[in-house]
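Peer 1: When you line the sequence shown up against the working numbering, it's residues 1 to 457, in that order.
These aren't lab readings, by the way, just hints derived from the structure by calculation. We put the CB at the ideal spot given by N, CA and C, even for glycine. One or more of the hints may lead you astray.
Stated by the list, open to error - Derived CB-CB ranges, DEER-like:
id, residue 1, residue 2, range
1, T456, H347, 15 to 25 Å
2, G361, Q92, 31 to 41 Å
3, Q262, G16, 42 to 52 Å
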Amino acid sequence: MVHLLGEQNGIDSGGGRLGALTVLPNTGDIIPGDHRDRVVRLLGLIKNLITERTGTRTALPPVLLLVDGLAAFRDAYEHRAAGTDPFADLLQIASSGRNVGVHLLLSSERSNALPAALASSIPERLALRLTADADYQNLAILADALKDTNPGRALRIGSNEEIQLAIPGATEDDADTGIALEELAAAQRERAIPAPAAVPAIPNTIRRTAIMCSSDAPAPFAIDTIHLAPLPVPDQGLLLVTGPAGSGRTTAIHSLLEALSQQPETTPVDAVLIAPRRSALRQLPIWSDIADTADTRETTIASLTLALGGTTTPPTALTLLPLIGTSPTVTPEPAQLEPTPFPTAGHRGIVVIEDIGGFDGTGNEQALASLLKLLRRSELTTIVEGENATLSTNWELATPLRGARWALALQPDANDTPSLFTTPFTHATRAEYPPGRGFLIQNGRITGIHIGTPTTN
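Let the hints inform the model, and build the full structure from the sequences given.
Peer 2: Below, the structure written as structure tokens:
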């Protein structure tokens, strides 16, 4: 029976049976094992609780963490490279929690699912009836020790003491178990047991204006899905936005621009949009220049290149040979355009290059690649957006983007190839991420994020 004064939370990787405990007022949350963000947040909350309790001599109510299906949990989270390490968090809770009243209860179908690093922190282990003789051998138990025993019969590892676990209801039937849990819940409510905080799922849609931040902090464009903290936009540098079709890339750019234009400082913004075709973003009021046609692209790319200290290469005309007996016509070299300052003095400069893969075949590839190299070295804020399927189709355009220090990968998948990222998205599955959710890669560190939708979408 659960301690009436204690708090319990659970991670259910074993088939969903732990969910029955949610009727109890002292249950904070029972989280399905495949809800990564919630699992990480729960483990983080418990780690913080252990830190807060360390050094406290006052008697504190116990806290119980249940993990049903340790083997499946380990398969999903051990050595998972996605910015956090839930299995390492579990090891830390097991090793440091018991001394401050935080206890861990694990179950597993396989005897070899308990690694040595975790076994050293689990002094009490019980073996119920197992399916394979090898499992008994791993535990140094005779293969027929629990043969023909009733469900719930167990051996205490190390002493071979035989134990019969009780059932919560009158019978093993699920209905009786439900009745028993409801009775226990009623008893807890009579004692006014406080309900622990739950770990809710992040909604699929979050308004950017609903993301809370301090008045003097940079305006956020998204939240960190682990800590639910607001995430600001970098004030300069190359920002890469990637994802498959329908992943929310255009909305992400809109939110980034909205956040950039609402920073605490009142610096005016000069923003330029370059796109291989007519862009849906052209309707935004932020633009000082839009280049989404052949003529405007060539002019704008050349103007920005000169403003950043580069040189433009004029188109090479066909040289005609003079007729016999005539003098050759001397064609003067075309004059180099005078650079137009960008941004205007006292303004903040933003350049958005939409659908970078779509420039393949436009004739702008070489000039745009040169501009990208200049932008990467500049102090401007540059947002480059591209779809996974076309992002690397043009080597000349993709090269300046490799190893970007700040990038968004929306609806990521471990099988996304080729990739511009040096950090792999191990175990990431696209189906786990709704549009607008994915990873922020910053200096090689991965953070789960969800993009806030802009005010006008």
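Peer 1: To test your reading of the hints: which numbers does this structure violate?
Peer 2: 2
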